[in-house]
Amino acid sequence: MSKSKHTSQLNRREFLSRSAVLVGSVGVPLLVSGRALGLNGSVAASERIVMGGIGIGPRGRTDLSCFLRNPDVHFVAVADPQSERRRIVKEMVDKHYQNNDCQTYHYLFDVLNRDDIDAVLIATGDRWHTMASILAAKAGKDIYCEKPCSMTIAESRALADTIRRYGRIYQAGTQRRNIGNFIFAINLVHSGKLGKLHTVHANTLDPRTTRDWLPAEPEPPKDVCDWDLWLGPCPWRPFNQRYVNGGWRGFFDFHGGGILEWGSHTVDLCQWANQADDTAPIEYEPQGNHVHATYANGVKLIMRDTGWLGLGTCSVRFEGDEGWVETGDSGQVAVFPESLRSEMPVFTMAGTDPSTHIRDFLDCVKSRKQPASNASVVAQSHIACHAAYIAWQLGRKVRFDPVKEEFIGDEEANRLRSRALREPWHI
Amino acid sequence: MRATTVLHFGLGLLLVCAAGLLEAQDLATTQDVSQLVAALKNPAATDHDKAVACERLAVLGGEDAVPVLKEMLLDPKFSHYARYALEPIPSPAVDEALREALAKAEGGVRLGILNSIGNRRDKGATSLIAPLLENSDLAVVDAAASALGRIATPETAEILSKALKDDRPPARSAVADALLTCAERLNAAGQRDLALRLWDTVRSADVPGAIRVAALQAAIIARGADGIDLWKEQVFSDNEKFFQLAMQVARKLPVNSVLPVLTEAVTKLPETRAAVALEVAADIGSKQALPTVRQFAQQGPRAVRQAALRSLAKIGDASDVAILLAASVDTDEQIAAEAREALEILPGKEVNQSLVQAASGAAKDKLLVILNALGQRRASEGLKTIREAMRSDDSEVRAAAVAALGKVARDDDIVTLVKELVQTESESERAVLMEALRTACQRAGDREKVAALIAAQLQSAPASARANLLELLGVLGGKTALATVAEAAKSSDADLQDAATAVLGNWLSADVAPVIWSLIESNAAPRYRVRLIRAYIRVARQFRVPDQERLEMCRKALSVAERPDERRLVLDVLRRNPSPESLALAAELVAQSDIQEAAGDAVVTIAEKLNRNVPGLKEALQTVLQHCRNAQIRARAEALMKRFP
Chain A
1 MSKSKHTSQL NRREFLSRSA VLVGSVGVPL LVSGRALGLN GSVAASERIV MGGIGIGPRG
61 RTDLSCFLRN PDVHFVAVAD PQSERRRIVK EMVDKHYQNN DCQTYHYLFD VLNRDDIDAV
121 LIATGDRWHT MASILAAKAG KDIYCEKPCS MTIAESRALA DTIRRYGRIY QAGTQRRNIG
181 NFIFAINLVH SGKLGKLHTV HANTLDPRTT RDWLPAEPEP PKDVCDWDLW LGPCPWRPFN
241 QRYVNGGWRG FFDFHGGGIL EWGSHTVDLC QWANQADDTA PIEYEPQGNH VHATYANGVK
301 LIMRDTGWLG LGTCSVRFEG DEGWVETGDS GQVAVFPESL RSEMPVFTMA GTDPSTHIRD
361 FLDCVKSRKQ PASNASVVAQ SHIACHAAYI AWQLGRKVRF DPVKEEFIGD EEANRLRSRA
421 LREPWHI
Chain B
1 MRATTVLHFG LGLLLVCAAG LLEAQDLATT QDVSQLVAAL KNPAATDHDK AVACERLAVL
61 GGEDAVPVLK EMLLDPKFSH YARYALEPIP SPAVDEALRE ALAKAEGGVR LGILNSIGNR
121 RDKGATSLIA PLLENSDLAV VDAAASALGR IATPETAEIL SKALKDDRPP ARSAVADALL
181 TCAERLNAAG QRDLALRLWD TVRSADVPGA IRVAALQAAI IARGADGIDL WKEQVFSDNE
241 KFFQLAMQVA RKLPVNSVLP VLTEAVTKLP ETRAAVALEV AADIGSKQAL PTVRQFAQQG
301 PRAVRQAALR SLAKIGDASD VAILLAASVD TDEQIAAEAR EALEILPGKE VNQSLVQAAS
361 GAAKDKLLVI LNALGQRRAS EGLKTIREAM RSDDSEVRAA AVAALGKVAR DDDIVTLVKE
421 LVQTESESER AVLMEALRTA CQRAGDREKV AALIAAQLQS APASARANLL ELLGVLGGKT
481 ALATVAEAAK SSDADLQDAA TAVLGNWLSA DVAPVIWSLI ESNAAPRYRV RLIRAYIRVA
541 RQFRVPDQER LEMCRKALSV AERPDERRLV LDVLRRNPSP ESLALAAELV AQSDIQEAAG
601 DAVVTIAEKL NRNVPGLKEA LQTVLQHCRN AQIRARAEAL MKRFP
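Going line by line, the protein sequences match chains A and B.
Just so you know, the first sequence maps onto residues 1 to 427 in the numbering used here.
Just so you know, the second sequence maps onto residues 1 to 645 in the numbering used here.
No lab work stands behind these hints: they were computed from the structure.
From the three backbone atoms N, C-alpha and C, an ideal C-beta is built for every residue, glycine too.
It is possible that part of the hints are untrue.
Straight-line alpha carbon distances no greater than 25 Å define the calculated DSS-like cross-link-like pairs of lysine-lysine that follow [what the hints assert, rightly or not]:
{"#": "1", "chain 1": "B", "residue 1": "Lys268", "chain 2": "A", "residue 2": "Lys369"}
{"#": "2", "chain 1": "B", "residue 1": "Lys490", "chain 2": "B", "residue 2": "Lys479"}
{"#": "3", "chain 1": "A", "residue 1": "Lys196", "chain 2": "B", "residue 2": "Lys349"}
{"#": "4", "chain 1": "A", "residue 1": "Lys222", "chain 2": "B", "residue 2": "Lys490"}
{"#": "5", "chain 1": "B", "residue 1": "Lys252", "chain 2": "B", "residue 2": "Lys232"}
{"#": "6", "chain 1": "B", "residue 1": "Lys314", "chain 2": "A", "residue 2": "Lys369"}
{"#": "7", "chain 1": "B", "residue 1": "Lys314", "chain 2": "B", "residue 2": "Lys287"}
{"#": "8", "chain 1": "B", "residue 1": "Lys314", "chain 2": "A", "residue 2": "Lys193"}
{"#": "9", "chain 1": "B", "residue 1": "Lys252", "chain 2": "A", "residue 2": "Lys369"}
{"#": "10", "chain 1": "A", "residue 1": "Lys369", "chain 2": "B", "residue 2": "Lys123"}
{"#": "11", "chain 1": "A", "residue 1": "Lys193", "chain 2": "B", "residue 2": "Lys349"}
{"#": "12", "chain 1": "B", "residue 1": "Lys123", "chain 2": "A", "residue 2": "Lys404"}
{"#": "13", "chain 1": "B", "residue 1": "Lys232", "chain 2": "A", "residue 2": "Lys369"}
{"#": "14", "chain 1": "B", "residue 1": "Lys77", "chain 2": "A", "residue 2": "Lys404"}
If you want the footprint, here are the derived chain B segments under chain A, 3+ residues with CB under 8 Å [said to hold, decoys possible]:
{"#": "15", "region": "75–81"}
{"#": "16", "region": "175–185"}
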């Protein structure tokens with residue numbers, strides 16, 4: 001094992017030396033107000049939000065196609081440690097604009113160092129989300145980042161703090177905050193039509209991850225797939241093609257497990273329903289693959305992967321003492337009492353569709369208002385998911401102080417709040 | 001390489017084992033620190049063993065683990081894993097080990113150690129780190145500055161402030177970024193004056209704009225009301241980034257101080273900026289901002305007027321209906337669209353009544369807007385107006401009324417709409433009616449009653465409307481609807497069979513499964529057999545079904561699935577629901593040549609999630625190795641086989 005396999009310092013050094021060009025540059029394109037530009041007209045070049053992409057895979061391309069449909073977006077560059085992914089994105093962007101202008105870069109710093117770029121779309125694997133977002137914020141970019149946004153409680157906090165410190169607009173890819181059926185369900189709770197809320201249910205997946213390593217395979221040439229850069233701040237392990245083909249999910253070093261995978265959407269919605277966007281539950285108890293949590297206001301949060309009505313993936317259910325509502329990605333809504341159906345619009349948007357969420361982000365880039373899934377909100381919902389996963393790992397009930405973001409009287413749990421980052425990365 | 005190890009222990013482990021899932025392996029689950037330390041000392045241990053041991057020591061390790069980890073700190077191969085274990089250990093011995101290593105470390109290892117020291121906020125390392133700010137390697141400067149920023153004492157603040165004069169721009173950037181963290185932490189610790197001094201220093205330093213913006217933001221917010229003048233400078237700054245900052249920060253400052261400045265900005269700034277300022281004023285000023293908002297909603301540059309209409313939609317009331325209605329028929333379509341949208345969401349129940357009043361005698365263009373708004377608002381107050389409009393001679397008004405009725409309809413209105421659907425011969429009218437009925441059926445209060453009424457129309461309805469009625473039954477769901485659609489699927493009428501089987505294929509609850517199976521078994525709709533089989537598998541894949549029932553459904557589906565495509569769908573269901581039984585069923589299919597690869601993949605995927613002690617697991621993997629040629633699947637199977645002695 002050579003030293004070069006364990007450090008990425010060249011990348012960061014290159015960034016530091018190249019960042020000299022940023023000094024003193026604060027000029028940015030003039031931005032216009034919200035939907036003033038709309039989706040139905042041409043937009044002057046000077047009024048567009050210039051965007052770059054970092055790590056655009058299959059989900060990222062879904063996001064990208066939505067961004068491209070907004071005429072006030074001009075997408076100009078992509079960075080990815082995998083040449084094939086760079087090629088696919090360039091082809092997609094160039095085809096859209098009917099030119100050959102999309103620039104491709106190996107290193108994300110080359111996108112971040114461009115002072116013509118206002119905002120970035122980050123859709124790497126989970127392991128890179130916090131690091132890339134923090135680097136982007138420090139480079140003065142606004143950020144749309146796919147979920148999950150962090151690997152640990154410590155990363156969640158660092159992410160929110162950096163975004164706030166640098167005054168950036170940040171939208172996590174938890175698009176259900178901008179999708180009608182979920183909003184309808186939340187509004188039923190907030191309007192009191194379900195009575196006093198007592199339980200919220202979040203559809204999660206099997207929490208398990210593995211510490212296994214896949215068999216070592218020869219590393220491809222760096223310009224085809226830069227394995228060291230792909231790993232980023234994660235612990236080193238030998239290369240295997242399956243990881244970089246999207247098979248990294250389920251490995252502890254790269255993935256936060258099934259509670260976070262869907263909980264970043266569904267727990268997030270439960271937090272919103274409970275008007276708990278600024279806090280997290282105070283107690284977590286594992287029950288098989290489920291985790292039962294309790295908020296300080298007494299509301300129960302049940303994270304579970306079974307027992308749903310079949311209304312689609314990423315379902316949520318909110319129960320009050322006078323009724324309940326359940327909905328999922330199909331857009332279907334089940335309510336009790338059934339009379340509440342008469343207040344219901346028809347929802348045709350799939351829960352996986354990010355288009356309205358992306359529009360919200362673009363409007364906020366202009367208005368400087370906080371978007372629906374801002375860093376402060378998602379930090380809390382991610383902390384709740386991480387805390388639940390920690391309880392599940394330990395196999396015991398844990399108590400949590402959401403203000404100090406510490407477990408109470410449980411050192412092992414507290415030690416699982418962070419992971420040391422591989423050099424040279426720091427947040 | 002160590003066999004599979006899963007992070008899972010304690011009660012969770014017991015529960016998972018009981019469920020027949022993977023058991024945790026020794027190093028990842030041991031509670032014995034000495035075993036972990038021994039693994040690190042063992043020359044025969046693999047890289048993976050050591051990695052797992054370090055990750056476990058991060059949770060369990062104490063001072064007794066520090067010596068062996070300390071030895072690994074300077075080894076480029078394991079330095080990070082050593083830090084992974086050391087960083088969370090709450091012992092001064094760790095700080096000493098890191099300091100000692102820092103003095104000797106070079107290259108990437110040094111950067112990592114600096115980062116760990118920063119995370120531990122080890123004040124005792126300050127004097128060791130400070131000289132590194134002058135290092136010729138910019139990565140070292142970056143890591144050292146970041147560590148000092150996180151340690152965040154008056155001493156580190158002083159050191160970093162001096163380093164801000166470095167003549168290397170990247171070094172200044174790194175130091176300025178560290179100062180932001182340092183100032184924030186000092187401010188939180190009660191040292192506000194020092195923090196303010198640091199922010200002021202950074203915002204006027206020769207560093208990148210993003211950092212200056214950050215320092216400026218902190219300097220304004222920390223000063224509160226005393227920061228208004230500084231904030232106002234940014235509102236009228238030529239620099240767009242500073243203007244953006246001002247708009248963002250406005251939401252964190254006293255409203256009474258900010259609102260007059262924003263109002264002034266709306267009249268003085270260029271159109272695009274004025275529009276942003278107006279929206280911010282409305283956001284934070286709410287009712288206080290209404291006079292300005294109303295003024296610009298009626299007249300002003302386009303972007304500002306649009307912003308005003310958007311704002312009015314949030315903070316306005318019923319008295320604004322007239323303004324919005326007038327704007328909704330503006331010749332500028334962008335203005336009109338904004339106003340129409342505002343009417344749909346303008347807050348207050350009284351708005352509905354105002355719309356109803358405005359409908360009386362309204363010109364056609366405004367009436368269309370009102371009907372749409374009443375529908376979108378689910379305004380039951382508007383039912384009378386909508387029903388009257390349905391009798392209009394103007395087809396456009398009638399269509400708008402039908403669409404609105406779909407959104408507002410009560411159960412009785414659904415019957416009225418269904419009768420119109422059955423009678424109409426116009427394709428365009430049928431499309432409008434169906435759109436309205438889909439909406440109305442989703443909202444039906446008594447689904448069974450409405451389904452019975454629609455079912456009653458089915459027999460006498462013309463052929464052209466039957467498929468529509470079946471679709472509506474699918475939207476409604478419930479027992480009556482399901483029984484009616486099932487009966488239609490058995491019909492001798494090919495069109496009815498087609499429509500009914502399509503509806504069953506999209507049914508939204510698991511109670512459709514026995515109905516579909518019965519149709520398959522009785523060969524009721526032979527032309528649509530494949531469609532029904534796929535619909536049956538869909539229920540197993542998508543809906544809440546007890547595990548045993550799901551397996552039984554898979555077995556049944558396999559018994560009738562002649563094509564490989566459907567058998568692959570069954571394998572997907574098995575793969576998604578790992579259990580010893582699903583493993584066994586998938587393994588039975590590995591020998592089938594036309595789905596060998598899919599079956600092999602399913603077996604391996606399920607096996608990866610199961611405890612190695614599951615009966616038949618080894619044999620299932622052997623079957624894969626015997627029949628499968630796909631190299632990746634074989635490699636995964638071989639890796640799993642290593643679990644077994």
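> Straight-line Cα separation of B/Lys314 and A/Lys193 no greater than 25 Å?
Replying inline: It holds: about 22 Å lies between the C-alpha atoms, which stays within 25 Å.
> For the region 75–81 of chain B, does the count of residues with a C-beta closer than 8 Å to a C-beta of chain A reach 3?
Replying inline: holds (count 5)
>> Just to be careful, I want the Cα atoms of B/Lys77 and A/Lys404 compared with a cutoff of 25 Å; is the pair within it?
In response: Measuring from Cα to Cα gives roughly 35 Å; hence the hint is violated.
>> Please verify whether B/Lys252 and B/Lys232 have alpha carbons no more than 25 Å apart.
In response: 14 Å, holds
>> For a C-alpha distance cap of 25 Å, please report whether B/Lys232 and A/Lys369 respect it.
In response: This hinted pair holds, its Cα atoms lying about 18 Å apart.
> Straight-line Cα separation of A/Lys193 and B/Lys349 no greater than 25 Å?
Replying inline: 16 Å, holds
> Keeping to a limit of 25 Å between CA atoms, is the pair of B/Lys268 and A/Lys369 held or broken?
Replying inline: Within the cut-off at roughly 22 Å; holds.
> Under the criterion that the straight-line Cα-Cα distance not exceed 25 Å, is the pair A/Lys369, B/Lys123 satisfied?
Replying inline: Answer violated: A/Lys369 to B/Lys123 is near 38 Å, above 25 Å.
>> What's the verdict on A/Lys196 and B/Lys349, does the C-alpha distance respect the 25 Å limit or exceed it?
In response: Holds - the C-alpha atoms of B/Lys349 and A/Lys196 are around 23 Å apart, at most 25 Å.
> Between B/Lys314 and B/Lys287, is the straight-line Cα distance small enough, at 25 Å or below?
Replying inline: With Cα atoms ~10 Å apart, B/Lys314 and B/Lys287 stay inside 25 Å; holds.
> Count the residues of the region 175–185 of chain B with a beta-carbon closer than 8 Å to any beta-carbon of chain A: does the count reach three?
Replying inline: Result for this restraint: holds, n = 4.
> Would the pair B/Lys123 and A/Lys404 pass a check requiring their Cα atoms to be no farther apart than 25 Å?
Replying inline: 21 Å, holds
Figure legend: structure checked against the earlier numbered hints; hints not met, in rising order: 4, 10, 14.
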